[in-house]
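S.K.: Sequence order for the protein chains is A and B. Start counting the first sequence at 1; every next residue gets the next number (the numbering used here). Start counting the second sequence at 1001; every next residue gets the next number (the numbering used here).
Where hints are given, some of them may not hold.
As the list claims (entries may be wrong) - When the alpha-carbon atoms are kept at most 35 Å apart in a straight line, the in silico DSBU-like pairs for lysine-lysine are as follows:
(1) A:Lys23 / B:Lys1023
(2) A:Lys23 / A:Lys112
(3) A:Lys169 / B:Lys1164
(4) A:Lys23 / B:Lys1169
(5) A:Lys112 / A:Lys164
(6) B:Lys1023 / B:Lys1164
If you're looking for bench data, these hints aren't it; they were derived computationally from the structure. Note that the coordinates shown come from a computational prediction; the quantities given were computed from them, not determined experimentally.
2 protein chains.
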Amino acid sequence: MAGVIWFTGLSCAGKTTLATRLKEEFENRGIIPQLLDGDEVREIFGGDLGYSRSDRIMNVKRIAFASMLLAENGTNTIVANIAPFYEVRDFIRRITRTYLQVYVTASLDTLKGRDKKGLYVKLRNPDVGDVIGLDDEYDVPRNPDVIVDTDQETAVGAIERIIKCCRTKGIL
Amino acid sequence: MAGVIWFTGLSCAGKTTLATRLKEEFENRGIIPQLLDGDEVREIFGGDLGYSRSDRIMNVKRIAFASMLLAENGTNTIVANIAPFYEVRDFIRRITRTYLQVYVTASLDTLKGRDKKGLYVKLRNPDVGDVIGLDDEYDVPRNPDVIVDTDQETAVGAIERIIKCCRTKGIL
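Kindly generate the complete structure, drawing on both the sequences and the hints.
M.R.: Structural data, given as structure tokens:
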């Protein structure tokens, strides 16, 4: 059964990198998944939502809704999106039948070191919004299916563990 | 190629009835489409959006986003949703590759006669929101692919014409 694999974690933790690698692994197995990257989705909508708590919630929920429908219709969906609050992650879990949550994390020093967009120095800059995890809240996942600490583990090793978890869930 | 067939029109015009019949016609041809009914989508989201103009826009856009992704992944999607403004219907058209717009209409007397929910008498009741077309705006489609006047035409005849249009668009 197709499912939704959601990479949550702070900015620059490595969500998009891992999601893209996972997509390739699916394709290597002859399965074409839909990849939804948070930044790209915001572009499709022409940046109609900002970075307030309520706007972030609305943004995650519309991605979750599309992902659920795709999975129900047989398309595995891989999402790279911070989904920062318990409230929104609970929504994803509630509406999605087969759901795999991957929590991607790294030390704050590592996040700052990777930060090409300058998100971690432009705090409270209205152009980029507040950076969650520094000046806003990020609810650390209580029970993720997979935790990837990108300080400690290579992408190859992490993807292997995620693939194994996909098999357990019946996704692969 | 899979597409999005969107039934727009005022409350009680016959959108859900026609969309459900079209779904059955697809199924008779061995194709399983996704049906998205505006009221049911609101339930999935727990009624998080109201009936202000901006909330209606947000609601239509998230349905459009999911529909586009479904079609891109090979699932024909049939939507029954008022989508009242040019702005939102332009958004649907912009993001969707294969799109068929069906404008469902009837006389105001007919709409009132069919109105089991009492939408047309509960004007400005906060529980149901304003009824678009009576006390709010509904932008009459400028260039729909199919117009169905449910005062004049049976569902059977309308569905035949819609199926024909689906074929022209390469959907069937």
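S.K.: If you test the structure against every hint from before, which numbers come out violated?
M.R.: 3
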